[in-house]
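Number of protein chains: 2
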Amino acid sequence: MELLNTVTVEEAKNKIREAFGGFSLKQENISILDAVGRYLAKDIIVPIDVPGFDRSTVDGYAVISKDTFGASESVPGFLKYKDQIEMGKKADVTVRTGNCYYVPTGGMLPEGCDSVVMIEYTEVLGNDICIQRPVAPGENVLKKGEDLKRGDIIFKKGHKLRPQDIGMLAGIGTINIDVYEKLRVSIISTGDELVSPTEDLKLGQIKDMNTYSLSAASIEDGCNVIERTIVKDHRDLLKNKIEECVKNSHIVLISGGSSMGNKDFTKDVINDIGSPGVFIHGVSVKPGKPTIVGKIGTTALFGLPGQPVSALVIYKIFVSFLINNIYYNEEVINQYIEGEISVNIPSAPGREHYVMVNIREEIDKTVIEPVYGKSGMLSMMAKARGYVKIKTNQEGLIKGEKVRVFLF
Amino acid sequence: MELLNTVTVEEAKNKIREAFGGFSLKQENISILDAVGRYLAKDIIVPIDVPGFDRSTVDGYAVISKDTFGASESVPGFLKYKDQIEMGKKADVTVRTGNCYYVPTGGMLPEGCDSVVMIEYTEVLGNDICIQRPVAPGENVLKKGEDLKRGDIIFKKGHKLRPQDIGMLAGIGTINIDVYEKLRVSIISTGDELVSPTEDLKLGQIKDMNTYSLSAASIEDGCNVIERTIVKDHRDLLKNKIEECVKNSHIVLISGGSSMGNKDFTKDVINDIGSPGVFIHGVSVKPGKPTIVGKIGTTALFGLPGQPVSALVIYKIFVSFLINNIYYNEEVINQYIEGEISVNIPSAPGREHYVMVNIREEIDKTVIEPVYGKSGMLSMMAKARGYVKIKTNQEGLIKGEKVRVFLF
Numbered sequence: 001m002e003l004l005n006t007v008t009v010e011e012a013k014n015k016i017r018e019a020f021g022g023f024s025l026k027q028e029n030i031s032i033l034d035a036v037g038r039y040l041a042k043d044i045i046v047p048i049d050v051p052g053f054d055r056s057t058v059d060g061y062a063v064i065s066k067d068t069f070g071a072s073e074s075v076p077g078f079l080k081y082k083d084q085i086e087m088g089k090k091a092d093v094t095v096r097t098g099n100c101y102y103v104p105t106g107g108m109l110p111e112g113c114d115s116v117v118m119i120e121y122t123e124v125l126g127n128d129i130c131i132q133r134p135v136a137p138g139e140n141v142l143k144k145g146e147d148l149k150r151g152d153i154i155f156k157k158g159h160k161l162r163p164q165d166i167g168m169l170a171g172i173g174t175i176n177i178d179v180y181e182k183l184r185v186s187i188i189s190t191g192d193e194l195v196s197p198t199e200d201l202k203l204g205q206i207k208d209m210n211t212y213s214l215s216a217a218s219i220e221d222g223c224n225v226i227e228r229t230i231v232k233d234h235r236d237l238l239k240n241k242i243e244e245c246v247k248n249s250h251i252v253l254i255s256g257g258s259s260m261g262n263k264d265f266t267k268d269v270i271n272d273i274g275s276p277g278v279f280i281h282g283v284s285v286k287p288g289k290p291t292i293v294g295k296i297g298t299t300a301l302f303g304l305p306g307q308p309v310s311a312l313v314i315y316k317i318f319v320s321f322l323i324n325n326i327y328y329n330e331e332v333i334n335q336y337i338e339g340e341i342s343v344n345i346p347s348a349p350g351r352e353h354y355v356m357v358n359i360r361e362e363i364d365k366t367v368i369e370p371v372y373g374k375s376g377m378l379s380m381m382a383k384a385r386g387y388v389k390i391k392t393n394q395e396g397l398i399k400g401e402k403v404r405v406f407l408f
Numbered sequence: 001m002e003l004l005n006t007v008t009v010e011e012a013k014n015k016i017r018e019a020f021g022g023f024s025l026k027q028e029n030i031s032i033l034d035a036v037g038r039y040l041a042k043d044i045i046v047p048i049d050v051p052g053f054d055r056s057t058v059d060g061y062a063v064i065s066k067d068t069f070g071a072s073e074s075v076p077g078f079l080k081y082k083d084q085i086e087m088g089k090k091a092d093v094t095v096r097t098g099n100c101y102y103v104p105t106g107g108m109l110p111e112g113c114d115s116v117v118m119i120e121y122t123e124v125l126g127n128d129i130c131i132q133r134p135v136a137p138g139e140n141v142l143k144k145g146e147d148l149k150r151g152d153i154i155f156k157k158g159h160k161l162r163p164q165d166i167g168m169l170a171g172i173g174t175i176n177i178d179v180y181e182k183l184r185v186s187i188i189s190t191g192d193e194l195v196s197p198t199e200d201l202k203l204g205q206i207k208d209m210n211t212y213s214l215s216a217a218s219i220e221d222g223c224n225v226i227e228r229t230i231v232k233d234h235r236d237l238l239k240n241k242i243e244e245c246v247k248n249s250h251i252v253l254i255s256g257g258s259s260m261g262n263k264d265f266t267k268d269v270i271n272d273i274g275s276p277g278v279f280i281h282g283v284s285v286k287p288g289k290p291t292i293v294g295k296i297g298t299t300a301l302f303g304l305p306g307q308p309v310s311a312l313v314i315y316k317i318f319v320s321f322l323i324n325n326i327y328y329n330e331e332v333i334n335q336y337i338e339g340e341i342s343v344n345i346p347s348a349p350g351r352e353h354y355v356m357v358n359i360r361e362e363i364d365k366t367v368i369e370p371v372y373g374k375s376g377m378l379s380m381m382a383k384a385r386g387y388v389k390i391k392t393n394q395e396g397l398i399k400g401e402k403v404r405v406f407l408f
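These protein sequences, in sequence, are chains F and G. The opening position of the first sequence corresponds to residue 1 in the UniProt record's numbering, with each subsequent residue numbered one higher. The opening position of the second sequence corresponds to residue 1 in the UniProt record's numbering, with each subsequent residue numbered one higher.
Some hints here could point you the wrong way.
[What the hints assert, rightly or not] With a cut-off of at most 25 Å between alpha-carbon atoms, the simulated DSS-like pairs for lysine-lysine come out as follows:
1. F:Lys-90 to F:Lys-42
2. G:Lys-144 to F:Lys-160
3. F:Lys-13 to F:Lys-156
4. G:Lys-263 to F:Lys-82
5. G:Lys-149 to F:Lys-202
6. F:Lys-144 to G:Lys-295
7. G:Lys-232 to F:Lys-90
8. F:Lys-402 to G:Lys-239
9. F:Lys-42 to G:Lys-383
10. G:Lys-286 to G:Lys-402
11. G:Lys-13 to G:Lys-295
12. F:Lys-144 to G:Lys-232
13. G:Lys-149 to G:Lys-263
14. G:Lys-66 to G:Lys-42
15. F:Lys-286 to F:Lys-399
16. F:Lys-316 to F:Lys-202
17. G:Lys-42 to G:Lys-232
18. G:Lys-263 to F:Lys-202
19. F:Lys-143 to G:Lys-383
20. F:Lys-374 to G:Lys-263
21. F:Lys-289 to F:Lys-157
Hints were generated in silico from the structure; no laboratory data involved.
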């Protein structure tokens with residue numbers, strides 16, 4: 001048997017980054033209402049000062065701070081109450097020494113004042129307001145442009161939009177934005193044993209899962225799945241289908257057929273179709289060693305394992321990585337759950353090892369338990385809440401060791 | 001001023017759970033291709049055995065294990081090679097003592113054999129296969145139904161579907177499933193100062209953000225936003241709008257107007273419209289103390305702070321909690337990033353305190369830095385990557401203390 005010329009996970013990522021740097025994406029202009037999860041194609045520049053006027057941050061009285069100096073509960077100051085500022089209206093008056101105006105939180109400050117005394121530290125006495133605490137200049141005031149200045153950049157190109165960002169964009173009046181087009185992904189499952197989930201099984205056959213799980217994962221990553229199809233283990237059929245997909249797709253995922261068996265055509269077929277062809281075949285990772293990564297023209301091609309759990313693990317490690325890279329999104333931070341591993345888990349050093357696990361909360365600790373199963377068991381995928389990564393230079397995990405689970 | 005009768009966050013959650021237990025939701029039957037993020041309305045019962053036949057988990061030779069006992073590299077065993085089993089085809093032959101058949105990974109085992117010798121431990125010698133290692137009965141075999149048995153429950157009612165679950169459902173041939181209808185949410189922003197983001201600002205006015213950020217957050221939580229609207233601070237206008245929304249919505253969110261000021265009508269208006277009315281007004285939490293929770297008929301109503309950061313924090317704490325509760329989803333585990341807080345952060349005990357933070361990776365540690373800003377600053381929301389929770393009984397955080405950041 002020919003041997004795979006494996007690279008480490010880090011080496012593979014570097015090669016992928018190099019191969020697809022400067023990926024050219026179209027842009028589209030969309031409403032912010034449809035923009036959660038999309039990636040900005042341009043920096044967002046603030047078009048207005050926020051706030052657009054000096055504003056009170058509390059309910060209270062707009063004053064000249066000097067007028068309050070020395071005030072206390074026992075020796076309060078007195079200011080003449082003039083009027084109240086209406087919320088949402090221009091404050092068309094001026095505060096003069098000895099006077100004050102009521103301002104609600106968020107209300108506009110009148111001319112002349114420099115601070116606001118919170119209503120909690122005042123009392124109304126006829127036409128006067130009794131001030132029980134001094135304020136410093138600027139206290140309880142948000143100055144025009146203090147929050148955001150016209151011309152500031154609030155979000156950079158590549159930023160993946162979150163719900164709060166949509167609110168921010170509304171707040172600066174930017175309701176249509178330029179985002180990158182969704183990446184077009186085609187997904188091919190190969191194997192003579194595969195039939196569509198709607199078909200009845202004959203002995204020896206199984207129902208295709210990978211076009212479904214990989215499609216759902218790609219959509220979650222902000223892509224558009226334009227093709228999902230099963231191809232029998234036949235070189236020409238596979239070649240024709242990949243060739244067709246390459247024409248319309250940014251990314252082509254091919255599950256199955258990436259090993260070294262006599263029906264594993266994926267590598268040769270990719271190299272036949274165009275250049276530069278396959279540049280990774282074999283990664284030091286478990287599961288997923290026979291992973292293939294190639295490029296034809298500008299299209300990225302991945303040969304993923306046929307085994308559904310492995311296919312999805314490799315998707316997470318490399319395909320999600322490429323997608324973020326293409327979108328120039330440099331902010332990816334993976335959250336995790338920390339806990340103690342419940343048993344020893346041996347692992348051969350020299351490769352990264354992904355272990356499917358479950359999480360159990362005990363009174364004083366979080367216990368992480370591996371999900372056991374034979375190779376190829378689908379139920380592991382349903383049972384596992386996430387995975388633990390054993391690094392290349394680690395020989396395994398010791399029972400009780402702290403580990404991080406990434407939800408799946 | 002009237003004082004709020006505050007409850008703790010935990011008390012509030014218990015009250016919400018009680019008030020909306022047994023929420024009645026319609027079900028709908030949808031394709032698994034549209035089902036990521038939806039909640040199952042019924043347990044999923046496996047309709048077929050998986051695998052449907054005894055299957056090899058490796059590329060190798062199907063044998064009777066007894067025939068391999070004693071085999072080693074120096075003293076190999078020899079078995080007559082009969083034929084190969086085709087992938088995806090019924091294995092219509094029988095292994096007899098002294099014989100073997102080639103089986104690919106996932107291929108069906110012939111009658112008579114009980115194990116598979118991996119190809120790595122064999123050699124071809126003319127018509128014979130030379131066996132260099134013994135196998136135990138059952139080795140490298142996945143028995144019929146060993147992965148999933150017909151009648152097993154793989155996903156429970158309330159489970160929120162992930163990409164891999166879609167693959168699983170395809171694998172058992174269940175391509176249409178019953179999920180709960182999407183919750184219908186109406187969102188009202190109140191305030192005389194608010195204008196639509198598309199309108200030009202006059203002095204004193206600001207652009208509405210909350211209908212946008214709360215809408216995006218609700219959609220992310222699997223809801224359908226049926227109404228987004230701004231209402232001026234006018235009691236009858238607010239009453240009419242809430243009354244209208246209650247008729248069609250499972251959840252009504254009202255931001256602004258939940259404090260105790262003279263234009264904070266939300267509580268009274270809810271109590272006017274119907275019963276049981278408001279059952280929480282005031283939660284010991286910062287930000288978000290004046291939070292309101294009420295019920296009219298079966299509809300849940302939330303009075304959220306007008307300040308956008310606070311509104312979203314309270315949304316996350318209580319509205320997301322209710323949504324998961326309504327869907328019977330008991331699996332919620334929040335992931336986090338752990339790091340060291342960069343400064344002392346004082347906090348008044350007796351309330352939960354949510355601090356907006358950023359994350360900075362240093363060589364040997366993750367540093368968590370609070371995002372500073374005056375009350376009401378929108379830019380804090382754009383700048384923060386997540387939040388740290390200071391518990392009710394904590395007096396604050398000490399510089400260098402380990403904290404958990406929940407991404408936002």
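To see whether the hints hold, each was checked on the structure:
For the proposed pair F:Lys-90 and F:Lys-42, the alpha carbon gap of about 34 Å is over 25 Å, so the pair is violated. Proposed proximity of G:Lys-144 and F:Lys-160 is contradicted: the alpha carbons are some 45 Å apart, above 25 Å. Distance hint between F:Lys-13 and F:Lys-156 is fulfilled; the C-alpha atoms sit about 24 Å from each other, no more than 25 Å. As the CA atoms of G:Lys-263 and F:Lys-82 are separated by approximately 20 Å, the hinted pair is consistent with the 25 Å bound.
At most 25 Å may separate the alpha-carbon atoms for a hinted pair to count; G:Lys-149 and F:Lys-202 meet this at roughly 17 Å. A hinted pair counts as satisfied when its Cα atoms are at most 25 Å apart, and F:Lys-144 with G:Lys-295 does not qualify at roughly 40 Å. Restraint check: the Cα-Cα separation between G:Lys-232 and F:Lys-90 comes to about 16 Å, which is no more than 25 Å; the hinted pair holds. A distance of roughly 54 Å separates the Cα atoms of F:Lys-402 and G:Lys-239; the hinted pair therefore is violated under the 25 Å criterion.
A C-alpha spacing of about 17 Å is found between F:Lys-42 and G:Lys-383, which places the hinted pair at or below 25 Å, so the restraint holds. For the proposed pair G:Lys-286 and G:Lys-402, the alpha carbon gap of about 21 Å is at most 25 Å, so the pair holds. Restraint check for G:Lys-13 and G:Lys-295: satisfied, since their Cα atoms lie roughly 14 Å apart, inside the 25 Å limit. Distance hint between F:Lys-144 and G:Lys-232 is fulfilled; the C-alpha atoms sit about 24 Å from each other, no more than 25 Å.
Using a Cα cut-off of 25 Å, the hinted pair G:Lys-149 and G:Lys-263 is violated, with the two alpha carbons roughly 62 Å apart. Taking the CA atoms of G:Lys-66 and G:Lys-42, the gap is about 47 Å. The hint is violated against a cut of 25 Å. The straight-line distance between the Cα atoms of F:Lys-286 and F:Lys-399 is roughly 20 Å, inside the 25 Å bound, and the hint therefore holds. With a CA separation close to 32 Å, the supplied pair F:Lys-316 and F:Lys-202 exceeds the 25 Å bound.
Distance hint between G:Lys-42 and G:Lys-232 is unfulfilled; the C-alpha atoms sit about 43 Å from each other, more than 25 Å. Restraint check: the Cα-Cα separation between G:Lys-263 and F:Lys-202 comes to about 70 Å, which exceeds 25 Å; the hinted pair is violated. For the suggested pair F:Lys-143 and G:Lys-383, the alpha carbons sit about 19 Å apart, so the restraint of at most 25 Å is met. For a cut-off of 25 Å, the pair hint linking F:Lys-374 to G:Lys-263 is broken: about 65 Å separates their Cα positions.
Restraint check: the Cα-Cα separation between F:Lys-289 and F:Lys-157 comes to about 35 Å, which exceeds 25 Å; the hinted pair is violated.
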